[in-house]
Amino acid sequence: MAAANEDEILEGFLCPICKADLKSASQLTSHFESLHQEEQDVLKSLKDIFGKAKKIILNNDDTDLKEAFDKALKFNYQEEAYYSQEQVVGVSRSSMDYFKAVRSARLERYATETNKLLIRLDKLVCNMPTEPNQRKQFEQQIVPWLDGSSVKLCPNCAKAFNITRRKHHCRLCGSILCHDCSLFLDLNIARAIVDPSAPISTEEQDQESLEKNGLRLCEHCYNLVELRKQVQDSRNAKTVVMTAYEQMRSLMEQARPAVAMYEKMCQSLFDGETTYNLSDVNAMRGRIGKLAEGIDLLSKQIAAHPVTPGTRQARLHSAIRQAAAHYIKEDLLSLRKLPTEAQIEDVRRQRYERAERQIQLERRRLEAEGLRANETASSSGVSVAERVHDDDDDPLLEQMNIIRGYIKEARKELRFEEVAILEANLKELKKEYQFQKLSNKP
Amino acid sequence: MNVIQAVKMYITKMTEESGPGMKVILMDKETTSIISMVFSQSEILQKEVYLFERIDSQTKWDNLKHMKCIVFLRPTSENIALLSRELRHPKYGVYFIYFSNVISKSDVKTLAECDEQEAVREVQEVFADYLAIDRHLFSFSITGCLHGRMWSQQHLHRCAQGLVALLLSLKRRAAVRYEAASEPCARLAERVRDLLRREAVLIDNNIPFNGDVPTPQLLIIDRRDDPVTPLLNQWLYQAMVHEILGINNNRVSLAHLPDVHKDFKEVVLASDQDEFYAKNLYSNFGEIGQTMKSLMDEFQRKAKSHQKVESIADMKNFVETYPLFKKMSGTVTKHVTVVGELSAAVSRRHLLDVSELEQELACHADHARHLQRLKGLISNESVTDHDACKLVSLYALRYEKHASNALPSLVDALKARNCPEHLVKAVVNILEYGGAHARQSDLFGLQDAAKITKRLFKGLNGVENVYTQHTPLLKDTLEDLIKGKLRENLYPTLGGDDGYGRRPQDIIVFIVGGATYEEAYCVHQINQAYPGVKVVLGGTTIHNSTSFLEEVKSAMQGVHRTHTRHIKNV
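Each protein sequence line maps, in turn, to chains A and B.
Following our numbering, the numbering of the first sequence begins with 1 at its first residue and continues without gaps.
Following our numbering, the numbering of the second sequence begins with 1001 at its first residue and continues without gaps.
It should be emphasised that the hints constitute simulated quantities derived from the structure, not laboratory data.
Check before you lean on any hint, since a few could be wrong.
[To be verified] Computed footprint of chain B on chain A, listed as stretches where at least three residues anywhere in the stretch have a Cβ under 8 Å from a Cβ of chain B:
#, region
1, 90-99
2, 136-144
[As the list claims (entries may be wrong)] Subject to a maximum C-alpha distance of 30 Å in a straight line, what follows is the list of computed DSS-like cross-link-like pairs (lysine-lysine):
#, chain 1, residue 1, chain 2, residue 2
3, A, 100, B, 1171
4, A, 136, A, 100
5, B, 1091, A, 116
6, A, 431, A, 408
7, B, 1047, A, 337
8, B, 1029, A, 100
9, A, 116, B, 1265
10, A, 212, A, 123
11, B, 1065, A, 116
[Unchecked claim] A short list of chain B residues far from chain A (calculated; beta carbon distances all over 10 Å):
#, residue
12, 1048
13, 1120
14, 1210
15, 1256
16, 1346
17, 1360
18, 1371
19, 1376
20, 1383
21, 1465
22, 1554
Each residue gets a CB set at the ideal place from its N, CA and C atoms; glycine is no exception.
The following block holds chain B by itself, in its conformation from the complex:
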């Protein structure tokens, strides 16, 4: 269950089926991202694909009849119209058409009727219809999937299609489970089931029913159950880069930095193409620093030894080691730039202090002390408005039902430091979005006796690292699921539980409202801790706190405040 591999295999299949010859690939906006997530340009050039074109580009191009055209599109009606136009006046010799999802018969007919020059050699559905971010992580890159707490129809359809494509690309027949308390989860689960039913023949023909292993499960859960995780500052490399700099389709923009080298205006961070990144995704900030240092030392030693190039043999030696040398120096320089920027942000924004309190708020209850420290940080000028608002939101979630809840006065304090209006509103929005009334699980571990003792033990053992105490709720949910203890009344199976899917080995979790890199790490840990169990995580998007605030804003648009009416000063 490697999603990157699955997409790669599809693309490779496309380039191979068209045989030898110069190729151009024709894509739409989304399929461009799908491909660029898994292939670097030089990699795809080696597959004889030399040109990359967008089907919606308005430019009038010259004819290239000697080229083979691989068309890779999502099956939307606009794309069908654009492709029909292309086929009526073909610019390339032959066409191999691939759709990233199920295409209707009538659309095939429309295309066939346009192909008057008999240029089309292949029309196929392949199911690479999601962004593969990591081997166990995918997303659909939709921020703001809910409007007024309900699905926008277009996004609902996109997610359902994408999930069906995922199952088909991994060749899994899955039982669909969903979070009972969440309306959007139920809607999505039903839609997925409907699409799967429609493709029953395809599935029966291609995915043999295997009675020897437990049925794989697709678990659909709601972000509202855990609004805390996306609010926290992160210290693992990947998550931290996303929180502080923002990762978009594996790309990080550093263009805003004053003295950045022109090669690093935009850097690509893809675990598949960058060994250093792949191995340090989940290293924490301190470890990364260490690793960097040792690499640099080694490097300087090497560079020094190469400086005395005296004889011909020395020179030859240098040239022959050059490719590796250059490759490594490129990678290392890139990461040094990124880490340098991270560490600047950490000191500028007092992130160590902020993060410590965030973790405390997320993991422990100590109202008086937390309130005092929170007030201290809000009055600190160096703490950004964004971070202050996140802290207040965490406080609001943690002490929602606390007797001496001081949220109104904190809101006043936010206003006193001239915090922008939308950020102040965000606090209330988050409480409305993911407050106690909206959560089905015991996020802060207040009721469950077992969890309280677990927390106590944790406390007794002492905390290894104050900045990484928090573990996402997802971990508990997944562990319950793997052990077969996830309660059927809270997470019902569509079509009823046949008792067969207990203790599943292949699990796909999808979070409506977006996943986070911290959760990706937690899935990674589970994959390693439970041999035989393979979990793939997906989300409508991958959040950092900024995009999460947008998500919440969109979800709460036009919703009347029902649980936060007592906060009068917003």
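Bound-form chain A, shown alone:
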């Protein structure tokens, strides 16, 4: 039988679900209708039994230790049920709309002012003459300086101007201030603000040369420009640690579905299903191990990143490492042990035996009912199986072969979700194929 599964070949009028031999087509149909309407129930009871078998097979320390734990603690399930009612997240209210309204109204004012300053700054730094005399003229040309003749006191600190306390002008707004109230903006930084792509020379300037070469600004203008610079900086900040962290998170994202898949595959093996092979599951385990390694490596890299000890940066790195280690230990390395080949064989055999018993039961039932023995049925049962070989060109068979190819490919690439879907398709096709055979029969 081309369509039969790899393990064993059953012949006859097989029920696709319980694998019982039904002797004739009509009996098979009636059997199917009467018994498998409650397909779920059958499956469920099967699963229960296998669950128990699994427990016996798996009789390892985990389970009985846990049982002892639960027993010792008198776990009260009723109580749990009482508390595990569903609960929705409580009331919350966002004030963001109002917040934004206030903020943008305020920032708009700032924004126009900042923009004006930036345009001036741009003009100032771009064509700045090197000659000090020309520089002063040039600066005045771009920003008209306030007439200082009537100003007797510094507007900022309210101290009187005299021979020692001279009048100065802010280069961006042109207002008057004394030397003590002036702030200086490094020209290099000014250039960087105007043109973020320009290379920033990192050499630190001492106060003296800064005062000589830098732009004299009033406090107000300085703050606005400085603010602008900070926003710029925070936009461009992306460090090695950041990239490593992002990679680590993306690995974690991948690991989550992988672990879920592994659990599913493992369960399916324990249940004696044939959807996945042991080698598949092992490959999956290997892949999770690889992910864990990757996460471990990246988190170590983050933790080893040089920082001054005692700072928050250092604390952050060690916290990330701690979280990653915890995640690996709890979620990735505590995977279930795989069954051995022999155990799987055992479970599968039991499953097969059950099917066999079912067949016996059916047969006995038939005999007891005293239905007419149907010779043609049993002989044709064999002939069906034989005839299967004849028509390889059946479109269904072709379809099945294509799907098998797909499954092989998906296995190779560890896409086990697909394998499961394809396997299910294949089973369906097999079922369909068998039905077709039955109905084709004269």
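Let chain A serve as the given structure and place chain B on it in line with the hints.
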């Protein structure tokens, strides 16, 4: 109505709304406790929150512009000021701001005006504004909420805000009932109603009116109605730990013990994170011992079987069972340490004798015998001053109106054993605080015919355990409420009784002056005994006898003695 779950969901919501990325959480003193009650550090690390900072920390920190900052604060004016400063010079990239209660529009405006770098992405009110101790138990951790028998305004406001937050977080519209005889209860009830009215729009939009179930009820009662419960020694695990060692925000300090392992200087007892604790909260001391023993036996058996690690397979087997093994051994060792300390205290302080008399005093009237035994215990050197003072206080409460009341001579006896002055005063304070004049209910069951017969029956049935005879008054009150028999004149509903809230299913009880773990157990029992009924208990704090004496002291400060003037020797 699971308060732990409610807080957890809010915190999870915060971490999720800020999207992926490294996060820091910025808190104040109170919100730090709120979070630490429901989340362990490793749990919150898994939510990408790596740093925990206090907004009021004075240290100048370095900038971490690549981090997202979740701000979780109570909406106090200091916090607004501190947060404004933070926003003016932001240390982090973006901010998601959550307040644990209603915030005024003007405060939002202040913050918005400081956000010049447009770093704020969200401003929200969430209502996780209480300490969730257990699924059905919360507190505000305020000891000494009353001063001179009246609310201190700050505490009154905190409690009212907290109760409103509780209702919003559980999505319940509740009718407010309060103990009529208590002035503080009435004040609090009114304040809660006012706050609820102010948020009527929010409530209408978010909590649909459900006509199918009876209106949930918020019942506010006074500790003064039952001063006995917090005075008793407890034998249930949780209550006992609190009475003997003290639980503070789910943490028990064992640092004072001489030879304690360094991992157990401070142990965390949280029902949410510790399975053993969750299941044995309400086991009594004897049962705990049994459970421990069986666990240890099982453990030794396992450990022994693991000792013969010979083959590679054995080794692998061991490693694979290791996480569970280690986790369990950690938990068990922790509880063995705690239980060991409890049992040492029990024998050192003669707590079995003390507790037996305490229970007798609380549950039965037999003046001559009690007086004799009491005198015996006071003269016993091993009984601590604290326990002696508690016994005398119980006697004073029980036999306040008894014809041959011997309180003055007992006070003399206390003085004779050199009992500290403040403890002697505490006896009178308690009598003044919770004497017959202050109680609205029939605490000792002297008048009510039904209660007398009930007591008789109890007596006939025999007592199962002399140390756990006492049931708190709260149980009767709650049972009356559930059956719809709580009298409207004693416990009026604010805004009048519409008859609709009779036989409520969702009940929140709040005790002004603090609740106890014994009462938490009683609420737990009621939750189980009445299917469909869900009760949540709260208190200004959770008392043991020590903190209760402080509470009484604060409440009686500056109050003239009016009912205890006859006790001349204090």
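Now the hints, each set against the structure:
Counting residues of the region 90-99 of chain A whose beta carbon lies closer than 8 Å to any beta carbon of chain B gives 9, which reaches the threshold of three, so the coverage claim holds. Closer than 8 Å: that is the beta-carbon criterion, and the region 136-144 of chain A has 0 residues meeting it against chain B, so the requirement of 3 is violated. Straight-line distance between C-alpha atoms of residue 100(A) and residue 1171(B) comes to about 28 Å, which keeps the hinted pair within the 30 Å bound. A hinted pair counts as satisfied when its Cα atoms are at most 30 Å apart, and residue 136(A) with residue 100(A) does not qualify at roughly 42 Å.
Taken as a hint, the residue 1091(B) and residue 116(A) pair is honoured in the structure, with Cα atoms around 27 Å apart against an allowance of 30 Å. The hinted pair formed by residue 431(A) and residue 408(A) meets the criterion: a straight-line CA distance of about 21 Å does not exceed 30 Å. For the given pair, residue 1047(B) sits about 28 Å from residue 337(A) by alpha-carbon distance, which is consistent with the 30 Å threshold. Simply put, residue 1029(B) and residue 100(A) have alpha-carbon atoms about 28 Å apart, close enough for the 30 Å limit, and the pair holds.
A distance of roughly 62 Å separates the Cα atoms of residue 116(A) and residue 1265(B); the hinted pair therefore is violated under the 30 Å criterion. Of the supplied pair hints, the one linking residue 212(A) and residue 123(A) holds, its CA atoms being roughly 19 Å apart against a limit of 30 Å. For the given pair, residue 1065(B) sits about 27 Å from residue 116(A) by alpha-carbon distance, which is consistent with the 30 Å threshold. For residue 1048(B), the non-interface assignment is contradicted: its Cβ lies about 8 Å from the closest Cβ of chain A, within the 10 Å cut-off.
Annotated as non-interface, residue 1120(B) brings its C-beta within 10 Å of a C-beta of chain A; the closest such distance is 7 Å. Every Cβ of chain A is farther than 10 Å from the Cβ of residue 1210(B); the closest lies at roughly 13 Å, confirming the non-interface assignment. The Cβ of residue 1256(B) sits about 29 Å from the closest Cβ of chain A, beyond the 10 Å cut-off, so the non-interface label holds. At roughly 23 Å, the least C-beta separation between residue 1346(B) and chain A is larger than 10 Å, which holds for a residue marked as non-interface.
With a cut of 10 Å on Cβ distances, residue 1360(B) stays outside the contact zone with chain A, its closest approach being about 30 Å. No beta-carbon of chain A is positioned within 10 Å of the beta-carbon of residue 1371(B); the least distance is around 41 Å. Distance check on residue 1376(B): its Cβ is at least 38 Å (rounded) from any Cβ of chain A, clearing the 10 Å threshold; non-interface status holds. Annotated as non-interface, residue 1383(B) keeps its C-beta farther than 10 Å from every C-beta of chain A; the closest such distance is 34 Å.
The Cβ of residue 1465(B) sits about 18 Å from the closest Cβ of chain A, beyond the 10 Å cut-off, so the non-interface label holds. Interface exclusion of residue 1554(B) from chain A stands, the closest Cβ pair being 32 Å apart, more than 10 Å.
Hint compliance for this structure: hints 2, 4, 9, 12 and 13 are not met, and every other hint is.
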